[in-house]
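S.K.: Each chain, written out:
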Amino acid sequence: MNHGENLSRRTFLRLGGTAAGAAVLAACAPVAAPADDGSMDEGAMAEPVTIRYGRHDPAAGVAVTLESFHEEYPEIVVSVEQIGEFHAKIPALAAAGTLPDVVRSWEAMALDMGRNNQFIDVQPYVDGEPGFDAEDFYENWWNYPVVEGKRYGVPDAAAPHVTFYNADLFDEAGVEYPNKDSFTWTDFEEKARAISDPDNKIWGSETIPVGWHMYSVKQTWQNDGSFYSEDFLESRLDKEETIQAIQFWADMLLDGNVMPSPSQIIGIGGAGAAAELLAAGKIGMQRMGSWITGSLVDAGFRFNVVAEPSQARRDTITHGAFNNIATTSEHKDLAWTWLNYNTSTQGIYNYASNANFPGTRRSSNEIEPFPWVAEVDFDVDWDVIPDALTYGHILPGPANEGEALKLIGDALERVYSGDAKAADLFPEVSPKVTAVISDI
Amino acid sequence: MVVGNEAVPTGEGLHGEAYTRPSRLRTLLLGNRFQTGLVRLIVIYALLIFSAFLFLLPFYWMVNTALKPPNQVFTLPPTWIPKPVMWSNFLTAFTIQYETDPPVYNYALNTAIVTVNGVVSTIFSSALVAYAFARLEFPGKNVIFLGILSTLMIPFAVVMVPQFIIWRYLNWLDTLWPLMIPHWFGSAWNIFLLRQFFMTIPREYDEAAYLDGASRWNIFIRIILPLSKPALAAVAVFAFVFFWNDFLGPLIILSTPENFTLTLFLANFNVAYRGTPWHLYMAAALIIILPCLILFFFSQNAFLKGITVTDLKG
Amino acid sequence: MVAYAFILPWVIGFILFVGGPIVASFVLSFFRWKMIAPPRFYGLTHYINMVTTDELFRTSIWVTFKFVLISVPIGQVLALILALLLNQRIWFLGYWRSAFYLPAVVSGVAGSVIWVWMYHVELGIVNNGLALLGIEGRNWLFDKELVLGSLIVKSLWNIGIPMVIYLAALQGMPQQLYEAADIDGAGEVPKFLSITLPMLSPAIFFNVVMGIIAAVQTFAEPYVMTGGGPDNATLFLGLHLYQNAFHYLKMGYASAMAWIMFLLIFGLTVFQFGLAGRWVYYEGGAR
Chain P
1 MNHGENLSRR TFLRLGGTAA GAAVLAACAP VAAPADDGSM DEGAMAEPVT
51 IRYGRHDPAA GVAVTLESFH EEYPEIVVSV EQIGEFHAKI PALAAAGTLP
101 DVVRSWEAMA LDMGRNNQFI DVQPYVDGEP GFDAEDFYEN WWNYPVVEGK
151 RYGVPDAAAP HVTFYNADLF DEAGVEYPNK DSFTWTDFEE KARAISDPDN
201 KIWGSETIPV GWHMYSVKQT WQNDGSFYSE DFLESRLDKE ETIQAIQFWA
251 DMLLDGNVMP SPSQIIGIGG AGAAAELLAA GKIGMQRMGS WITGSLVDAG
301 FRFNVVAEPS QARRDTITHG AFNNIATTSE HKDLAWTWLN YNTSTQGIYN
351 YASNANFPGT RRSSNEIEPF PWVAEVDFDV DWDVIPDALT YGHILPGPAN
401 EGEALKLIGD ALERVYSGDA KAADLFPEVS PKVTAVISDI
Chain R
1 MVVGNEAVPT GEGLHGEAYT RPSRLRTLLL GNRFQTGLVR LIVIYALLIF
51 SAFLFLLPFY WMVNTALKPP NQVFTLPPTW IPKPVMWSNF LTAFTIQYET
101 DPPVYNYALN TAIVTVNGVV STIFSSALVA YAFARLEFPG KNVIFLGILS
151 TLMIPFAVVM VPQFIIWRYL NWLDTLWPLM IPHWFGSAWN IFLLRQFFMT
201 IPREYDEAAY LDGASRWNIF IRIILPLSKP ALAAVAVFAF VFFWNDFLGP
251 LIILSTPENF TLTLFLANFN VAYRGTPWHL YMAAALIIIL PCLILFFFSQ
301 NAFLKGITVT DLKG
Chain L
1 MVAYAFILPW VIGFILFVGG PIVASFVLSF FRWKMIAPPR FYGLTHYINM
51 VTTDELFRTS IWVTFKFVLI SVPIGQVLAL ILALLLNQRI WFLGYWRSAF
101 YLPAVVSGVA GSVIWVWMYH VELGIVNNGL ALLGIEGRNW LFDKELVLGS
151 LIVKSLWNIG IPMVIYLAAL QGMPQQLYEA ADIDGAGEVP KFLSITLPML
201 SPAIFFNVVM GIIAAVQTFA EPYVMTGGGP DNATLFLGLH LYQNAFHYLK
251 MGYASAMAWI MFLLIFGLTV FQFGLAGRWV YYEGGAR
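Residue numbers (the working numbering), protein chains in the order written: chain P, 1 to 440; chain R, 1 to 314; chain L, 1 to 287.
There's no promise every hint is true.
Within a straight-line C-alpha distance of at most 27 Å, the following computed DSS-like cross-link-like pairs (lysine-lysine) qualify [unchecked claim]: (1) P:Lys432 to P:Lys239; (2) L:Lys144 to P:Lys421; (3) P:Lys150 to P:Lys332; (4) P:Lys201 to P:Lys150; (5) L:Lys191 to P:Lys432; (6) P:Lys332 to P:Lys180.
Sample of chain R residues with no beta-carbon within 10 Å of chain L, all distances over it, derived [stated by the list, open to error]: (7) Ile81; (8) Thr200; (9) Gln300.
What the hints contain is simulated information worked out from the structure, not anything from laboratory work.
Quick caveat: nothing in here was measured; it's all calculated off a predicted structure.
Cβ coordinates follow ideal geometry from the N, Cα and C atoms, glycine included.
Generate the whole structure from the sequences, applying the supplied hints.
M.R.: Now the structure itself:
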């Protein structure tokens, strides 16, 4: 696969060179001139095999793992491909038959690709691996990528959402810190309202990231609602609890005295800037994945964590990923070698500790310093983060998720902009979502 | 209309009648048949300046931003003239490498390959086909020509999906081949343009050669093509702009950054760089449109002739 | 026979890349094919879904229609006005012409990127320019009432090609007609209406047809500038189709939509040709 690409690329250069004249090429490609490194020689024994590894991020967190892997397995070269617009691009790559050998996929993606035979069943590899300890993984994560007895991936990280709060801002406003044992939506709103000072661009709560629809699903869960049924075959948007939950937060968003409203966001530099408000010391509380810890370490204020506020029940999302092998891979055995190495106790720890969230292996989470802990000179209730794994849920994985989220997202956008009421809109959208996700 | 009647009370000179000679001031302001009046001049130039201002404004805003130092990009209100002028932004934008992505000149190389191939292939193949329609007689000629013209109405979207499937089964997705090969078979628009031009070449030139025993191929290569340089140049510059700027084709075909063309890079730019550094973004945009701007300035005549070579009446 | 050899490239290209795909596209539109799973016969379901369940499809048709019906006429009038201005006896004709033509060589993507920056709510020149005039700016690309208008304004920036065609037509006009009218003492407006416009009608017809074909296929602008939003206010047919084909991999449904797009262009073009007989004036009689 990869050899073929190199080959055609080289042919391009020659062809282009003939047509364009050497001058154009020389001007455009000072370093791109292909050196004949003999990689066309398929028979050469010493030639390492390249395994393409696709992820949504630049893989800074697996740099250490990559390095030790290359030392241990000099015959395999893992080439990382950072894939932009991940959600859209992975299905497109699958359709094109050019998926990387190993793909690090997200929840719904892993299931959808598996159902459509784009990822292979790795259970035989798991069974054939001496000393593989499946019990080491949290059960919900380990069992998630299994459809009809076939295992389409191995999990690595499990990042739960919790509430980060700026203790200094609480003190300044004379507001009590969130209670560890009981923290409700009402508490959240009260505290946020007390801290907010929109004229000085200070808010008690982060804004709702409109456009990130998975953020809203946790709010529906906390109110006993959901986007989908348990088996992901039916929409639950029309459920009373779902509607109430979204409307509750939409009202808070539009209020403008609790969190930056859509119109206020423009005044603070757009959604991109809004995401950085917590680190800038302008936000009292932010419900977010534990990966934002890193950006708070040098922020210059005391922060702490507490579980997400709840209404009917305590719940949150845990967002993670699975490592899968593409059906089109020509080096599945070597792909497994890398996959297994990357999802080992140390592999998961390397990545998770770099990003400040737990891994899906218990053993990774026992290595000290714990992966979610960052070094700060004040007390933080770090236990809150792994604790969230015990009650939180993995992101849902319906079929045709992209299309379903387009429908749900459009509806959410209208509610969050105050254009429509959830009670009017959701019952109308719900059957359409059902039609999309049940169309397997 | 009213002004016209006042200025020339009776049918001017038609019946040889004497008419009052307008005062010099009046002529100066309102003009006559041979001289544009001042009022009219002022209106024309005011409109020209106003429109040109609006049309060039985006370029100004792009250049202004592209030359700003980073700390001035987000100042409010924005500065109207960059100070100091940061020429280095262009170098930064051209050589910057985001994480594992290839550097910008790699995209430029891909675009150059696709563009050069596109220009060469479409000119050659279209000229070949156009020659047949301009000079040769064969059954079905008019029907086929009409067929070619009607393909102009077919949106790319209709053929996009099946073409994608073809490339997929040839295993050519994410290579530059799908962006190069289809252009070796003539394009309807260029066939039409070149045929119109070939028809203006006097037939005597090639008839004489034909009687001397030259083959059709030789006539095409030796006589028609050399005589058509202006038209070929026009097609070439248009093709250049088209291929350089093509977006939807590369978007569906290419998936790994090292195969991307410049337009894909630019469209992904703000995705890759969170918090968009607009000065670099604009510098990159300027670099990308520069070849087309330069080409335009050096081949204006070819450009304009290219558009107007079509005899719209036929 | 030699003739067929010369047109062979086009014939091959047509079969492989145009004709074949058109037939394939039509056949595909009756199948459900996600590309990563085997195709299934679907009958007319896709076409039925378009008019029943897929509201986004109707939105996209409506958005595209509005864009075409507004941007094409305004663009043509503007191009004609500019051409008329350039057709006066003016100094530096070449420079003025270049200024108006220049945007036409800037690509859809680069041009869109520039306009995103122009429209930037705080840092863009549009709002800052309006502020100098004491007018409060708007959020041009994120207000669903304004966004299509903003895209139409951007499209007016690219009228270089029709303008040059009008200019060439104006310059090629037989002067004797105007001289005769001058002798009759006709004013500017009657001269424009009874001579210029009829003589320009073939150029207008050509520009309108080509303008419609291009406008129906608008893609890069919404893709780069708005992503179809806000609230699908700029969900052009081309964008909706692209998303269905390459994000949701609904190749069959996308093919069905492509056919509708083709019919839309075909219908509008035939409509134009039908009208043309009434107003397009061809010198030298019927041709």
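S.K.: Does each hint fit the structure? Answer for all of them.
M.R.: The hints, checked one at a time:
Restraint check for P:Lys432 and P:Lys239: satisfied, since their Cα atoms lie roughly 14 Å apart, inside the 27 Å limit. Between L:Lys144 and P:Lys421 the CA atoms are separated by roughly 18 Å; this keeps the pair inside 27 Å, and the hint holds. Of the pairs offered as hints, the one joining P:Lys150 and P:Lys332 holds, with about 16 Å between alpha carbons and a cut-off of 27 Å not exceeded. A hinted pair counts as satisfied when its Cα atoms are at most 27 Å apart, and P:Lys201 with P:Lys150 does not qualify at roughly 52 Å.
Proposed proximity of L:Lys191 and P:Lys432 is contradicted: the alpha carbons are some 59 Å apart, above 27 Å. A C-alpha spacing of about 47 Å is found between P:Lys332 and P:Lys180, which places the hinted pair above 27 Å, so the restraint is violated. With a least beta-carbon separation of about 13 Å from chain L, R:Ile81 lies farther than 10 Å from that chain, consistent with its non-interface assignment. Under the 10 Å C-beta cut-off, the non-interface status given to R:Thr200 relative to chain L holds; the minimum distance is some 14 Å.
Annotated as non-interface, R:Gln300 brings its C-beta within 10 Å of a C-beta of chain L; the closest such distance is 7 Å.
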